[in-house]
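**Q** Listed below are the residues making up each chain.
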Amino acid sequence: MTEKYSKEDRIDINLIKFLWSINPLIKSNKVTIPYLLRDTVILRSLGEFELFQLAKYFHRRTYEKGEVIFKEGDFGIGFYIIVSGRVELSTERNGKKFHVTNLDRKDYMGEIGLLEDGHKRSVTATAVEPLELLGIFKPDVQLMISERPALSSKFLQAMSELVVKKLHILAREIRKLKVENSHLKDEVVNLKEEIAKND
Amino acid sequence: MTSNDRLRAIIFGLFVISSMILFFVFPRVATPLLVCYVLTLILNPLLLFFERFGINRTASSALVVILLLFLTIYPIVKVTPLMVSEVNNLEVYIPKVESFLKSLYSQLQAFVAERTGYHLSSGYLLQSMNFIKDEFSAFVLLVPKYLGSALELIFIVPLFLFFTLKDMRNFRERITRLLPNKYFEKLYHLSFQFNRQIGDYILAKVIEASILGIIIFTGLFFLDIRFSLLFGLLAAVTNIIPYLGPVFGAIPAFIFIAAEYGMGTHFGGALILYLVANVIDIAIVFPLLVSKIVDLHPVLVVVSVILGSQLLGITGMIISIPLAAAVKLLINQMLKDVYEERY
Numbered sequence: 001m002t003e004k005y006s007k008e009d010r011i012d013i014n015l016i017k018f019l020w021s022i023n024p025l026i027k028s029n030k031v032t033i034p035y036l037l038r039d040t041v042i043l044r045s046l047g048e049f050e051l052f053q054l055a056k057y058f059h060r061r062t063y064e065k066g067e068v069i070f071k072e073g074d075f076g077i078g079f080y081i082i083v084s085g086r087v088e089l090s091t092e093r094n095g096k097k098f099h100v101t102n103l104d105r106k107d108y109m110g111e112i113g114l115l116e117d118g119h120k121r122s123v124t125a126t127a128v129e130p131l132e133l134l135g136i137f138k139p140d141v142q143l144m145i146s147e148r149p150a151l152s153s154k155f156l157q158a159m160s161e162l163v164v165k166k167l168h169i170l171a172r173e174i175r176k177l178k179v180e181n182s183h184l185k186d187e188v189v190n191l192k193e194e195i196a197k198n199d
Numbered sequence: 200m201t202s203n204d205r206l207r208a209i210i211f212g213l214f215v216i217s218s219m220i221l222f223f224v225f226p227r228v229a230t231p232l233l234v235c236y237v238l239t240l241i242l243n244p245l246l247l248f249f250e251r252f253g254i255n256r257t258a259s260s261a262l263v264v265i266l267l268l269f270l271t272i273y274p275i276v277k278v279t280p281l282m283v284s285e286v287n288n289l290e291v292y293i294p295k296v297e298s299f300l301k302s303l304y305s306q307l308q309a310f311v312a313e314r315t316g317y318h319l320s321s322g323y324l325l326q327s328m329n330f331i332k333d334e335f336s337a338f339v340l341l342v343p344k345y346l347g348s349a350l351e352l353i354f355i356v357p358l359f360l361f362f363t364l365k366d367m368r369n370f371r372e373r374i375t376r377l378l379p380n381k382y383f384e385k386l387y388h389l390s391f392q393f394n395r396q397i398g399d400y401i402l403a404k405v406i407e408a409s410i411l412g413i414i415i416f417t418g419l420f421f422l423d424i425r426f427s428l429l430f431g432l433l434a435a436v437t438n439i440i441p442y443l444g445p446v447f448g449a450i451p452a453f454i455f456i457a458a459e460y461g462m463g464t465h466f467g468g469a470l471i472l473y474l475v476a477n478v479i480d481i482a483i484v485f486p487l488l489v490s491k492i493v494d495l496h497p498v499l500v501v502v503s504v505i506l507g508s509q510l511l512g513i514t515g516m517i518i519s520i521p522l523a524a525a526v527k528l529l530i531n532q533m534l535k536d537v538y539e540e541r542y
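Here the protein sequences come in this chain order: A and B.
Here the first sequence stands for residues 1 to 199, numbered as in my numbering.
Here the second sequence stands for residues 200 to 542, numbered as in my numbering.
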């Protein structure tokens with residue numbers, strides 16, 4: 001490369017492909033993945049072109065009604081975004097199934113699997129209706145780190161923001177529970193005193 | 200498992216089984232494909248390096264292939280005539296080695312007879328020497344055939360390599376679409392680990408073998424011992440076999456040196472050279488390069504090498520260890536699933 005033409009001046013084929021793909025007159029299949037990613041809250045910090053590049057690392061998976069996406073205690077490496085359909089998260093204790101929450105379109109799950117080494121799933125995810133997911137897995141992220149370092153650091157930043165957000169929610173819950181717990185303890189003490197008086 | 204997913208599982212299973220059968224039925228296509236697959240795994244970082252400069256995938260694949268051809272063809276063209284002349288010279292020296300071994304054996308016979316009164320038959324020596332001679336001549340007769348297939352490889356491998364480099368990702372994407380949902384994450388993860396293990400191992404082994412070969416070659420060259428190139432190459436090639444390889448690589452060299460130069464300074468120098476080279480290999484190169492990649496029990500290593508050589512010859516010998524490591528990975532994962540408590 002001579003000094004006359006810097007890197008910015010070169011024609012980027014990928015950029016042209018991208019511009020062609022967002023052309024409103026065509027609606028090819030390729031556009032749909034970035035389009036979906038754009039709708040996801042956690043990836044807001046990424047630009048259009050970055051989403052277009054990121055989409056190449058995602059896999060599209062379809063599930064039927066009642067199919068299990070991952071099971072509690074399974075080895076997990078993937079992060080999923082729901083494209084269409086609904087997912088039920090549940091957990092099992094002593095053979096009894098407990099409902100945790102339902103996830104809808106644009107929701108996501110499994111981010112810890114992407115970050116933690118040898119992660120075990122903490123809940124079971126089941127498709128409530130016919131389901132379409134976008135999944136990205138640990139090997140994809142490793143590939144992305146070596147191929148597109150800037151993009152991958154942005155993506156991982158988004159992931160860590162997501163995890164931090166969850167951590168905050170968790171801390172708040174714990175705080176709330178602690179306060180409630182102390183209230184309950186006080187009440188128990190009061191009740192005991194009252195019982196002692198009545199006796 | 201729903202019906203759709205079961206269908207996926209069946210199709211994927213059929214795909215795996217049929218490709219394995221095709222692989223063993225058509226070795227002439229399978230061998231170059233296997234070589235290309237391994238080369239792709241090894242060269243992928245280089246491809247990524249080119250791509251990072253904004254060169255597209257097709258052009259970078261072509262660049263990698265050209266670079267590889269440039270780096271390998273020139274040494275081959277330079278070294279081959281030297282090797283041919285050394286092999287030709289070897290024919291002259293073989294009778295010398297033969298008579299040396301005979302005299303050594305008669306000394307041993309006398310020694311054993313004197314100490315134990317048992318007379319060793321000279322049939323053993325003759326038998327084993329005839330065996331080696333037959334094997335050697337059979338090998339020499341087979342050389343044109345090997346050369347023919349090597350020539351085929353030289354033309355086919357770069358072509359295949361270009362396309363495997365260019366299209367490996369698309370191909371992998373198509374295959375991942377076949378994976379059944381139930382096992383998707385596990386299989387995807389395992390396939391990546393498997394690929395990394397094979398690629399890393401073979402690259403490490405090639406580097407290790409070349410380091411050893413170069414040390415032996417230069418050492419023998421400076422000791423002014425004939426056939427230094429041949430013995431260096433032999434040491435490098437046999438180094439691929441773990442544990443026993445270095446011994447196999449050293450024995451012919453020592454027999455020749457003892458026959459040609461006697462048990463004098465040359466022999467001592469070569470002994471020290473082989474010891475130092477193998478100590479460097481065992482103490483520095485192996486722990487740094489190879490042992491991080493595979494941790495297999497020594498018995499498993501030897502067994503897998505034997506099985507590999509029986510099934511696929513030299514190729515099998517090279518890929519047996521990473522394959523065994525990958526299988527171990529798979530089995531460990533399955534055992535974990537079955538036995539480990541879930542909560």
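Keep in mind the hints are simulated off the structure, nothing from the lab.
Note that the structure is predicted; figures quoted are calculated from it, not measured.
A hint or two may mislead.
[Stated by the list, open to error] Derived lysine to any residue pairs resembling SDA-like cross-links, with alpha carbons at most 25 Å apart:
#1 B:K527 / A:G118
#2 A:K120 / B:F393
#3 A:K17 / B:E372
#4 B:K385 / A:Q142
#5 B:K381 / A:G118
#6 A:K56 / B:K527
#7 A:K154 / B:K527
#8 A:K120 / B:T315
#9 A:K56 / B:N394
#10 B:K381 / A:G66
#11 A:K154 / B:G253
#12 A:K165 / A:L51
#13 B:K381 / A:K165
#14 A:K71 / B:K381
#15 A:K154 / B:F248
#16 A:K56 / B:F248
#17 A:K65 / B:R207
#18 A:K96 / B:K381
#19 A:K17 / B:A261
#20 A:K56 / B:D204
#21 B:K385 / A:Y108
[Unchecked claim] Just the calculated beta-carbon pair ranges, DEER-fashion:
#22 A:E173 / B:L506: 53 to 63 Å
#23 B:V436 / A:V41: 32 to 42 Å
#24 B:V537 / A:T91: 16 to 26 Å
#25 B:I481 / A:V41: 30 to 40 Å
#26 B:L247 / A:V41: 43 to 53 Å
#27 A:E132 / B:L233: 54 to 64 Å
#28 B:L206 / A:E173: 41 to 51 Å
#29 B:P244 / A:A171: 39 to 49 Å
#30 B:T271 / A:E48: 36 to 46 Å
All residues carry an ideal CB built from backbone N, CA and C; glycine is no exception.
**Q** Each hint needs a verdict: does it hold in this structure or not?
**A** Quick rundown of the hints versus the structure:
With a C-alpha separation of about 17 Å, the suggested pairing of K527 of chain B with G118 of chain A holds against the 25 Å cut-off. As the CA atoms of K120 of chain A and F393 of chain B are separated by approximately 21 Å, the hinted pair is consistent with the 25 Å bound. With a CA separation close to 20 Å, the supplied pair K17 of chain A and E372 of chain B stays within the 25 Å bound. Between K385 of chain B and Q142 of chain A the alpha-carbon distance is near 16 Å, which keeps this suggested pair within the 25 Å criterion.
Restraint check: the Cα-Cα separation between K381 of chain B and G118 of chain A comes to about 18 Å, which is no more than 25 Å; the hinted pair holds. Distance restraint check for K56 of chain A and K527 of chain B: the Cα-Cα separation of roughly 32 Å exceeds the 25 Å cut-off, and the hinted pair is therefore not satisfied. Of the supplied pair hints, the one linking K154 of chain A and K527 of chain B is violated, its CA atoms being roughly 36 Å apart against a limit of 25 Å. Proposed proximity of K120 of chain A and T315 of chain B is contradicted: the alpha carbons are some 68 Å apart, above 25 Å.
About 20 Å separates the Cα atoms of K56 of chain A and N394 of chain B, which keeps this hinted pair within 25 Å; it holds. Only pairs whose Cα atoms come within 25 Å are accepted, and K381 of chain B paired with G66 of chain A is accepted, the gap being roughly 12 Å. About 20 Å separates the Cα atoms of K154 of chain A and G253 of chain B, which keeps this hinted pair within 25 Å; it holds. Between K165 of chain A and L51 of chain A the alpha-carbon distance is near 22 Å, which keeps this suggested pair within the 25 Å criterion.
Distance hint between K381 of chain B and K165 of chain A is unfulfilled; the C-alpha atoms sit about 30 Å from each other, more than 25 Å. Pair hint K71 of chain A plus K381 of chain B holds up; C-alpha atoms about 10 Å apart against a cutoff of 25 Å. Restraint check for K154 of chain A and F248 of chain B: satisfied, since their Cα atoms lie roughly 20 Å apart, inside the 25 Å limit. The hinted pair formed by K56 of chain A and F248 of chain B meets the criterion: a straight-line CA distance of about 19 Å does not exceed 25 Å.
Restraint check for K65 of chain A and R207 of chain B: satisfied, since their Cα atoms lie roughly 16 Å apart, inside the 25 Å limit. Between K96 of chain A and K381 of chain B, the direct Cα distance comes to roughly 22 Å. Compliance with the 25 Å bound is thereby established for this hinted pair. Distance restraint check for K17 of chain A and A261 of chain B: the Cα-Cα separation of roughly 22 Å lies within the 25 Å cut-off, and the hinted pair is therefore satisfied. Of the supplied pair hints, the one linking K56 of chain A and D204 of chain B holds, its CA atoms being roughly 24 Å apart against a limit of 25 Å.
A threshold of 25 Å between alpha carbons decides the hint, and for K385 of chain B with Y108 of chain A the separation of about 20 Å falls inside it, so the pair holds. Between E173 of chain A and L506 of chain B the beta carbons are some 56 Å apart, a value that agrees with the proposed interval 53 to 63 Å. For V436 of chain B paired with V41 of chain A, a C-beta distance near 58 Å fails the hint of 32 to 42 Å. Between V537 of chain B and T91 of chain A the Cβ separation comes to about 22 Å, which falls inside the hinted range of 16 to 26 Å.
Roughly 55 Å separates the CB atoms of I481 of chain B and V41 of chain A, a value that falls outside the hinted 30 to 40 Å. The given range of 43 to 53 Å is broken by L247 of chain B and V41 of chain A, whose C-beta atoms sit roughly 31 Å from each other. Between E132 of chain A and L233 of chain B, the C-beta spacing of about 37 Å breaks the proposed range 54 to 64 Å. Distance hint check: the CB atoms of L206 of chain B and E173 of chain A are about 43 Å apart, consistent with the given range 41 to 51 Å.
With their beta carbons about 41 Å apart, P244 of chain B and A171 of chain A fall inside the hinted range of 39 to 49 Å. Our hint of 36 to 46 Å for T271 of chain B and E48 of chain A holds, since their Cβ atoms are close to 44 Å apart.
This entry does not satisfy hints 6, 7, 8, 13, 23, 25, 26 and 27, going by the numbered hints stated previously.
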